[in-house]
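Colleague: Model the full assembly from the supplied sequences, consistent with the hints where possible.
Protein chains in written order, with our numbering: chain A, 1 to 270; chain B, 1 to 270; chain C, 1 to 270.
The reader is advised that the hints may include incorrect statements.
It does not matter which identical chain is used: a pair holds within one copy or between any two.
What the hints assert, rightly or not - Derived DMTMM-like pairs (lysine to aspartate or glutamate); straight-line CA-CA distance at most 20 Å: (1) K48 to E236; (2) K138 to E74; (3) K48 to E253; (4) K224 to E253.
Just so you know, the hints here were simulated from the structure itself, not pulled from any lab data.
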Amino acid sequence: MDPEAFLDLANQVAKVKMYPYFDLAHAVVCCLIIKEDMGSGAIAFSRKHPLALWFSSMMSIFAGSIIANFLLGEPSLTPFKNNNQLLLATGVWYVIFYLPFDFGYKALKFLPVKMGCEALKEVYRAKQVHDGVGHAAKLFPNAYLVMVIIGAVKGNGDAFMRVLERLARGLWTPESVELIRPTFATKASVVASAVFVLHKKTDLISAPASCVHLIIIIFFVYFKVLGISDPLLPLENVLKKIFLGGIFDTLQETFYGKPEESEEAKKDES
Amino acid sequence: MDPEAFLDLANQVAKVKMYPYFDLAHAVVCCLIIKEDMGSGAIAFSRKHPLALWFSSMMSIFAGSIIANFLLGEPSLTPFKNNNQLLLATGVWYVIFYLPFDFGYKALKFLPVKMGCEALKEVYRAKQVHDGVGHAAKLFPNAYLVMVIIGAVKGNGDAFMRVLERLARGLWTPESVELIRPTFATKASVVASAVFVLHKKTDLISAPASCVHLIIIIFFVYFKVLGISDPLLPLENVLKKIFLGGIFDTLQETFYGKPEESEEAKKDES
Amino acid sequence: MDPEAFLDLANQVAKVKMYPYFDLAHAVVCCLIIKEDMGSGAIAFSRKHPLALWFSSMMSIFAGSIIANFLLGEPSLTPFKNNNQLLLATGVWYVIFYLPFDFGYKALKFLPVKMGCEALKEVYRAKQVHDGVGHAAKLFPNAYLVMVIIGAVKGNGDAFMRVLERLARGLWTPESVELIRPTFATKASVVASAVFVLHKKTDLISAPASCVHLIIIIFFVYFKVLGISDPLLPLENVLKKIFLGGIFDTLQETFYGKPEESEEAKKDES
Numbered sequence: 001m002d003p004e005a006f007l008d009l010a011n012q013v014a015k016v017k018m019y020p021y022f023d024l025a026h027a028v029v030c031c032l033i034i035k036e037d038m039g040s041g042a043i044a045f046s047r048k049h050p051l052a053l054w055f056s057s058m059m060s061i062f063a064g065s066i067i068a069n070f071l072l073g074e075p076s077l078t079p080f081k082n083n084n085q086l087l088l089a090t091g092v093w094y095v096i097f098y099l100p101f102d103f104g105y106k107a108l109k110f111l112p113v114k115m116g117c118e119a120l121k122e123v124y125r126a127k128q129v130h131d132g133v134g135h136a137a138k139l140f141p142n143a144y145l146v147m148v149i150i151g152a153v154k155g156n157g158d159a160f161m162r163v164l165e166r167l168a169r170g171l172w173t174p175e176s177v178e179l180i181r182p183t184f185a186t187k188a189s190v191v192a193s194a195v196f197v198l199h200k201k202t203d204l205i206s207a208p209a210s211c212v213h214l215i216i217i218i219f220f221v222y223f224k225v226l227g228i229s230d231p232l233l234p235l236e237n238v239l240k241k242i243f244l245g246g247i248f249d250t251l252q253e254t255f256y257g258k259p260e261e262s263e264e265a266k267k268d269e270s
Numbered sequence: 001m002d003p004e005a006f007l008d009l010a011n012q013v014a015k016v017k018m019y020p021y022f023d024l025a026h027a028v029v030c031c032l033i034i035k036e037d038m039g040s041g042a043i044a045f046s047r048k049h050p051l052a053l054w055f056s057s058m059m060s061i062f063a064g065s066i067i068a069n070f071l072l073g074e075p076s077l078t079p080f081k082n083n084n085q086l087l088l089a090t091g092v093w094y095v096i097f098y099l100p101f102d103f104g105y106k107a108l109k110f111l112p113v114k115m116g117c118e119a120l121k122e123v124y125r126a127k128q129v130h131d132g133v134g135h136a137a138k139l140f141p142n143a144y145l146v147m148v149i150i151g152a153v154k155g156n157g158d159a160f161m162r163v164l165e166r167l168a169r170g171l172w173t174p175e176s177v178e179l180i181r182p183t184f185a186t187k188a189s190v191v192a193s194a195v196f197v198l199h200k201k202t203d204l205i206s207a208p209a210s211c212v213h214l215i216i217i218i219f220f221v222y223f224k225v226l227g228i229s230d231p232l233l234p235l236e237n238v239l240k241k242i243f244l245g246g247i248f249d250t251l252q253e254t255f256y257g258k259p260e261e262s263e264e265a266k267k268d269e270s
Numbered sequence: 001m002d003p004e005a006f007l008d009l010a011n012q013v014a015k016v017k018m019y020p021y022f023d024l025a026h027a028v029v030c031c032l033i034i035k036e037d038m039g040s041g042a043i044a045f046s047r048k049h050p051l052a053l054w055f056s057s058m059m060s061i062f063a064g065s066i067i068a069n070f071l072l073g074e075p076s077l078t079p080f081k082n083n084n085q086l087l088l089a090t091g092v093w094y095v096i097f098y099l100p101f102d103f104g105y106k107a108l109k110f111l112p113v114k115m116g117c118e119a120l121k122e123v124y125r126a127k128q129v130h131d132g133v134g135h136a137a138k139l140f141p142n143a144y145l146v147m148v149i150i151g152a153v154k155g156n157g158d159a160f161m162r163v164l165e166r167l168a169r170g171l172w173t174p175e176s177v178e179l180i181r182p183t184f185a186t187k188a189s190v191v192a193s194a195v196f197v198l199h200k201k202t203d204l205i206s207a208p209a210s211c212v213h214l215i216i217i218i219f220f221v222y223f224k225v226l227g228i229s230d231p232l233l234p235l236e237n238v239l240k241k242i243f244l245g246g247i248f249d250t251l252q253e254t255f256y257g258k259p260e261e262s263e264e265a266k267k268d269e270s
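Modeller: In structure tokens, the structure reads:
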């Protein structure tokens, strides 16, 4: 592809407004995840506890901003001040949970529609990561870790909110904390945040900001659409083997035999 | 009643200071709820873990301000800076849990005393809702939902704090999240917040502010003293039937038969 | 000891930088506690969930600042903006969990090394309490309780963070809330905070600030090195007997017989 044309495209992509289409796709994906998370009890729960379900959905949809604001000491309710986004999210919630004959859910779960929404959501994610890193960089100009954390949290907020969002529905699942088994979306957000930080704070990446942004979008959408579960896994395993004990543990086992494992560890493995 | 006299009364009520009598009544009601929540283990627990119990009580008494400050990005400890209120609350805590022969608890549980405290607490609640809506409106002038949330949280803070307040006593009850089964106090606070927001932001309610405030107080005290469990329930059920699937679910059952319910939903129903 | 020499020493101690040696000792003690908290599953967990373990360690090491910032409405991520401290903490985490043959852990658990670290950590704790009280006093000049809370939280943050830190590792232990069974470190931090508050806000303690600081350090280190589990316990028991029902409960039992205890209270006792 011609670099000139790519730069033009990148500049146009950087100017695209998130509201309403990308916000809509994001809300749809979040609500579908919640509906699937509830399994067969979804309809019964939605009829009995609409308020809890609505809060749960809003917490999930605005999770990135809520957690980032909380971590940066700003009002957690800030995302709720945008009445248009709120109405949009409420509409999506209503369509997915309450349309007669479960029509909304069935229509949006239809594969091409769902794929489209997920692709748009990845564009939204890239934008959120970008904005998160920028916002953190303004508040803490030299705090690289803070930028990465805020970028990751804004990029994949609903996964980090999962435990609290379920709590709002009366479920408590401490073992599903995102940090324990980070999904690819989290890892990708961390990588993207790190790329944005490198671009902002060092001279290592000389491309213009809009190009970096577009490349991140392509990277997100590409792996989502291809459905590769985790392309970072091999790299991660190599690093784990080298730095986090892998090789030396094997060495130690050769010399001293396998250490007896606790019951808990065994259970965790199976 | 003569409108002039009503307006006069309303203006006088709006000027009433909350400290000390209304604060006192509020603290008494909160501590009584905690004591009853602990059941027969209350005395044993109070003797063994006074610090946890004290924090639990303070969290409950100042719950509205703590949660509202947290949500608005202000210091959560702000309510603890008022030493007089703190001493008052500590005094109530001591009287209810530690007076010899459980005298304080028995005296305050005596029906006329308890009813008086609950009536005063409703006046306090109306004031809290009013102040909460006003405070949120200053920070986010167009965020109607934020105003309603802050009003509801300030009006019925101890119910929203329940899960955390129990956690401070080592109990974890995720299923008792207020949002799942909102009490009438929560619903009434939401309605009152909405009325205050409508009065502040639209021209729909033309009465002066103090009159609206007095009407809310009367509404709160009236239903508390009458002991009607939930006068909003019929309205709620109608709305649920129309908007949240009721009628169409019945229609669907007629056509397709009752869907098989999950085990969880059945358990939830029984 | 000569008062002049003591004052000189105190002034010099007050000027000592915490970074890097005291920060190092603090990080070592925190990580050792986490490793011991995980028991025999530590190595298996560290190999499988390094990210969760790293966050858990950072939450524990920077717990004081994180919680204090949270309570004061400041960005919780502030401690992460100091890249040097962060690298130091990460280094300690790596050494303790991932050195081949568990070498780091074994070396640091070696008694004289561990004792040295714990002694340094007590100096660090005294400094944290001092800074916490000073910081809170700037924000809320008359809020004595807020100063004591912030001092205590900064002094013994990792104990208050324990429940959340375990949650980051997927464990949920609501019964181990610090407030229910406060350790000596918490009580000592509360006492030290109260002494700093008295010195700052009243004329009761006429010694110069640096002397008070040194005396607190000596008090902390002395009881830690001696290994007395809780020198405040006798005083506490006397106060409990007088004010929190002890004597009158006995009196009541004499008159009316022992009240029947609930099952829960019995379980709690055994």
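Colleague: State for each hint whether it applies.
Modeller: Consistency of the hints with the structure:
With identical chains, the CA atoms of K48 and E236 are at most 20 Å apart between copies only, with a shortest distance of 11 Å across copies and 44 Å within one. With identical chains, the CA atoms of K138 and E74 are at most 20 Å apart both within one copy (14 Å) and between copies (16 Å). In this homomeric assembly, K48 and E253 come within 20 Å of each other (Cα to Cα) only across copies, at 17 Å, whereas the closest approach inside a single copy is 55 Å. Proximity of K224 and E253 under a CA criterion of 20 Å is satisfied in neither setting, with 39 Å inside one chain copy and 38 Å between copies.
Of the numbered hints given earlier, the model fails hint 4 alone.
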